[in-house]
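Asks: Build the complex from these two chains, which are given one at a time in their own frames, with help from the hints.
Chains as they are written, first to last, in this note's numbering: chain L, 750 to 1316; chain U, 31 to 434.
What the hints contain is simulated information worked out from the structure, not anything from laboratory work.
Mixed in with the good hints there might be a few duds.
[To be verified] To be clear about the criterion: a stretch of chain L counts as covered by chain U if any three or more of its residues have a C-beta under 8 Å from a C-beta of chain U, and this derived list gives those stretches: (1) 987 to 1000; (2) 1193 to 1201; (3) 1287 to 1294; (4) 1304 to 1313.
Since the structure is predicted, the reported quantities are computational estimates derived from the model, not experimental observations.
Glycine is no exception: its CB is placed at the ideal position from the N, C-alpha and C atoms.
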Amino acid sequence: MISALSSPRNPSRRRWLGRLAALGFGTAVLDAPAMAQMAASPDVAALAPAGRLDAAAQADPVAFLDRVGWGASAGQLQALARLGATAYLHELLQPSADPALPPDWAAQLAALPVNQPLETLIPPIVREERAIRQARKDDPQADAADAEARLKAINRFKYDLAQQAAAQQVVLGLYAQNGLQQRLSWFWLNHFNVFRSGNIGPMMGDYTQRVIAPHALGRFRDLLRATMFSPQMLLYLNNAQNARGHVNENYAREVMELHTLGVGSGYTQADVTNLARALTGLGVDLLDKPVRVRPALRADLWRQGLVVFNPARHDADPKTVLGHTLQGRGLDEIDEVIALLADHPATARHISTQLAQYFVADAPPPALVESMTQRWRATGGQIAEVLRAMFTSPAFIASLRQPQFKDPTRYVLSALRASLGDEPIRNPQPVLGMLARLGEPLFGRQTPDGYPLDAGAWDGSGQLTARFEVARQIGGGASALFAPPPDFMRQSAPPATADMAQTMDAPLADHARAKPPHRPPPDLARSAVYLAQQNQLSTATLRALAQADNRLSWNTLWLSSPEFMNA
Amino acid sequence: MQRRHFLQTAAAATLSTPMSRLWAAPAAQGQPKFILVFLRGAYDATNLLVPHANSFYYESRPHIAVPRPGEGADAAIALNADWALHPALRESMLPLWQAGQLAFVPFAGTRDMTRSHFETQDHIELGQGPQTRDFNDGFLNRLVQQIGGRAQPMAFTAQLPLSLRGTHRVPNLAIAQAGHTGIDDRQRALIESMWSHSAQGAAVREGFAVHQTVAQDMQASGWQAEMVAASRGAVAPKGFVAEAVRIGGLMRDSFNVGFIDVGGWDTHVNEATDNGARGQLADKLAALGQGLAGLAQAMGPAWHHTTVVVLSEFGRTFRENGNRGTDHGHGTVYWVLGGAVRGGRIAGEQIVQSPSTLNQNRDDPVLTEDRDLLGGLFQRLWGLRPSQIEAVFPGSRPVDLQLV
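Looking at chain U on its own, in the form it has when it is part of the complex (with noise of 0.2 Å):
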């Protein structure tokens, strides 16, 4: 049964009995479920995957380098012969990647070459390719149609984001703001009633009926403990850490298609204190690698089939500026995360940075395009035909990085 058509029964069924647990019941065993992580801010990835062989890098970040694999308590973590990991990720990430349920993926992003925040992140949301602009069609709202009946989207932020924006409707709520509603049942009967011809109808009635059953699977699930225990006892985690692991919990029990959106990587001025290895970068790194771990953990036997994708609008300047910062770049790093993520390498295809290999002399080249990427990851995450994989994105050229 279609959802909408089910969300309008149910309304017109009873006043009185509280749609709880709408998407409760447990997934079918092995369905795949996608979340979808953007760090919007354009993360400078250069520090993230570090190119620890690569003498120039070390040139061009007199400041703001992290220290070479083996130099001290600072030092990045060698990956392989080339690469290696901000230290910021040691204790959250470093586990996945040697469990093999993590990869990178370098050289990543969109052709757009606008160096805008908003205009690459919209790019990127769309999915349209580089012809059409419609801000009513993103491209994971035509996943979704794409999967089915089987799909259970819902994005955790306060805004609908425009790649779930699109002819399926698709909920979305501000995990800190799931709680308990003043409006009783007669209120939200009447509120329906009197948008029931509206374009914004099946929202309402979407709006209230996804509100409790966030509220209850929150209370049902005792997210709390899992909380605790994804943070190791420590202090209650904050922030980024603590909606992580809630999101975590719904997703498990109630979603297969999540959108997470995480802000604050604009790093510009004092990227880092000391050297790369500390600042404002690294402790984002830290929150976002300690949430992804939380949100793992808490999907407990779930994360077996669940992908996590990790991006962002674009990279930085390959050199630091003149103030320990990084301004707008090109290319950045992707990442691939989950159970069932042939992880523990560094996928896609790669180069050496050098003043003639960058773009423009300033950035990473795009090697591996967006729509591509997450094109292939798609066709094998739920076996789509070509002809569904153009639907999601138009004219792209699917590559098989055989992430999954």
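This is chain L alone, in the form it adopts within the complex (with noise of 0.2 Å):
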């Protein structure tokens, strides 16, 4: 079974290098077998009633991009004009490697230090910290100053490679074609939530680019798979720190009551504890080092990047989980509990019903939970499959007509996209301030539940306040988004001296304290999204809308209107 793990569904390391290489930028890779796969899915039209969708997609473009993407724009109105909705959805449903991003953007991207295969860029700087820490304990009368220097430019530059994962799933989500894919990398994202502290946050472009994007629309139990192995999960719910007679219990817990049965479904205090020991053993090495187990064990020591699982720390013994005994067999234990909670029908029923709750409605009509969950079930967990019974399901249509309140990362990348024209932003920083400022900044969920997507989350009344004065800076053009890009992203490189650090905390250069040029606000009034929704404006909204009295204050008032902030 352990073969499983380096076989074609999870390419190696090198093997995802040498593809990133070949697309200049790459976001997912899914092989070729995988992508036959897809293809051979039955036919679109004997599933759906596909003159009911397309129709209804037509009467309301703007309503039904905003569903299976980050929004409607230019030219996905075009695009899904030219198609039919049925056939576009049937194009946004196959995994996609390459987001086609503006050349600009996709060669920038690629050429981020937070791209880097994490095992040449984590362990020198990790190493560098403990060196300067070290050196501080054994002689305690050196240069503290020159020590303290040194810990913040590698503070800083773990920040920066933060920035530049946050930023760079900003400009994902404005420009890659990929919408579909794009948007389930984010739902996945928060639905294996890390957050951005310690060394996870550096790790980021790898947890979005590496672990989760590829799997976003293949096979549950590769994307299970591809977390429960990733050195951020594995920090993040202290897994790390689990081992035989040292139990931590953290992700074994989280890990059926978040990532797959849901809390409820039926397992017992003893179910985590035995799950805990199975996974005991299973860590991180941020340092890379060898590891030396005793000669007996050696054949079980396992590593890929930076997770390592060490026999030496597992718990051998057999154990009982969900009533599956475990025989104790190291890592292969591990690939029986993968299988065992991704393949468990609670798990179909738990992530169709959370997906059903994205797409489709707070509380979505059991019918359609209960369709979903079959094509999981008679899939093996294909996720394309079974958003595909979502979105040709009679309730999806119906409710293209029973609006969403959007959710805070939803409302600014569509209010972006129906906004933006065709010169690509130079910088996503604001961008990232609006999503904090509405209380749902990347990355910057604590706990491992993920951001709440009900509407009852982000409809208070001071969220809504906020996000009017989002609308006014978008609808007044965002000029800082033409700006230079800010100095996380020109960032290449760790400083290796504290005279860099010293220079890294002086002044900003002239050209980034420069104020951006003015730009006067857009005329959204005439953009092809407004054009397209306004059909299905209130009397209400068309009634302020004509009183505005200049154009900064139309686009706010559009930005800020009910129809707007629902989809």
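Replies: This is the structure in structure tokens:
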């Protein structure tokens, strides 16, 4: 079973790098067999009341595009009009390795250090940190200011890496062509939430681009495995510290409660404790140094990147999880656990429910969840197929007329996609600020449950007020988006010396301080998205828009309207 | 007058008069104020309220037990023959305890045994008992309905907490975000008109009004001066401490039911360094204590009729785990503080923890249920009738611990 981990479904890091180079900038990597399997999926027409979906999307194309991606844009409206909803959806459901970004952005992102393989990126940072701390311990008389400055520089670099990963997500959200895969990637990122503190922040590029995105439209079992074998998750939920005789049950509990079965599905405290025992030994080595174990265990030692399975830390005694006896066979046992959790009927239901809540309605019709669950079980958890069952259901078509209140990420990205013209933005940082202001910063959820996504979590009075402010910012043209990229996007290597650290503390260079060129508010009343949406607006909204006394006001009002905030 | 009606009338009346200081009328003398502080992440109550006479505690926590009272600078502070306080609270909370304004209720919590943070938090906030689960019907919202026209609730959070969701619309505002708005009065009126027929129409009007009230209150009350005073002239306090002081000022002037949450208590790893007196948990407790002390001070005379309850979803394992941390447990310790609190005591039913008295030989049992405790408290605070308590906590059996 160990071989499964390096099978074509989980391309090794080296292969991934090769592909990244070949693509210029690669988000997802799905290999040929998986692609073929997707293409061989049942004929769409046979499954879907296609005429009804096409008609519904034609009647309200903005609502449709708001559901199947990050919101309507001029280009998407054209594609939808050309293909019709059914064919367009079929295209969106094909996983794509290439987000087809504007060329400048593709090149810029591919060059960011945060996209380097973790074993190149992380160990030098951690080694340097430890060396500084050790030196300070060894010689307390040494230059403390120097050590402080070096540590500060390292922390700054780590922060910059996390910012790069967040900025990259924004660029992908605004410009990637594979919109549904991007939107799902955010959903899974939230489902398998990790928080950007400590050494996790600098590894977020790897988490979004290698762990999550390639599997976003693939098989759930592979996605679960990718997260379980990710250093980010192992650190965040403490499985890195989970060892025989020193059991830490944090990850074992959350993987059952949040990632797979769902709370209340019948597992017990004993299941949690035994699962934690089964997962002992699966950990992380941030220094990428050889692991020594006694000869008898050497064959069972396994590592990939920074993730290590250390048989000396594993509890090899038999244990029972969910009525299933695990024989204590080391890494094979962990694969057994993945299958047990991923293929459990409760998992199919739990995650189908969450997908339906995110894409259709806060309280999805039980019949919809049932049909998705059945599709899940019939296809072995192929996410694209479960989504196909959802998007082509009568419940989904009906829901286009019962809009959902957008969570902040949906709101900000859709407002920007509707407002931005042909010229790509240069500085994603203001977008990160908007997301933070509205309470949904990227990688900023501290708890493993991820952000809540129901309307009640986001339509409180305080949030609405903040949202109108953001509407005004975007409606005004958000000139800062076209200013030169922030320093963290230019950061290409860790500062090697304290001198460099001091340089980084120096006031920002003139070009970064310069005020962005003023841009007049865009003419959103003539934008493709507004023209496509105007038939859906209420009398109250149209009346308010008619009273706007200038372009900024008009834009602010449209982006503040109930129709724009619900979709 | 119902606030809802007032808001509508005010919105209709004029577009140019700002609805300033909407709730700034001073509260009637002696009207109770209540603040719920939710510690999200299940704080380790066993190291807050240390069973210092129990050797099983010291055996169970070889690395992270707080030293016995009298054992050096890091020692726990004896509160009575059985219980001692974490030393991180010496400066902030011990004076309140000594003034009889702080009580602890150990072995408190819910009957929910999932040990899931999220399930249990929801369970507490909904307060509906074991049978129902309506996510738009929190217990503080039901309380507000029972208090009637006297209630001026506010959630000092970025998101409206479940406990305040319900038929009475409650405003929310993250204090860090309170500032001046770039939306002018004309735009505001037009935005309100667009939303007037939608489900969120009331929230839109409320949002604008509250935002303005809070911004003006903060300016008027000179909270910055109070903040310096609360920290005794030390460097400007950050995070929770600063926010708590600002909240205190707002609660004093404008609100009487408040909600605050403080995250980050999930200490599976490295809960403490050296011993239980230092490290992650100690730092968080110290900041919490300073914040609460600052809040008490900022409330001024209103503190005399204010009651603050600090709670968390559950406690943690009685024994430490393999990583100088603790895992998810069951019973926890609730704090009750305020000017009129009958404190300086450990309230409610108690046991001596041992392998045979622990719940599942793992964690503290729950001897006082959250709904019974809070229902009993509300009964005393507002003189609510049994039928009203039943409306807030259906099927509960209010217990009167005489905390106020």
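Asks: Of the hints given before, which are not true for this structure?
Replies: none
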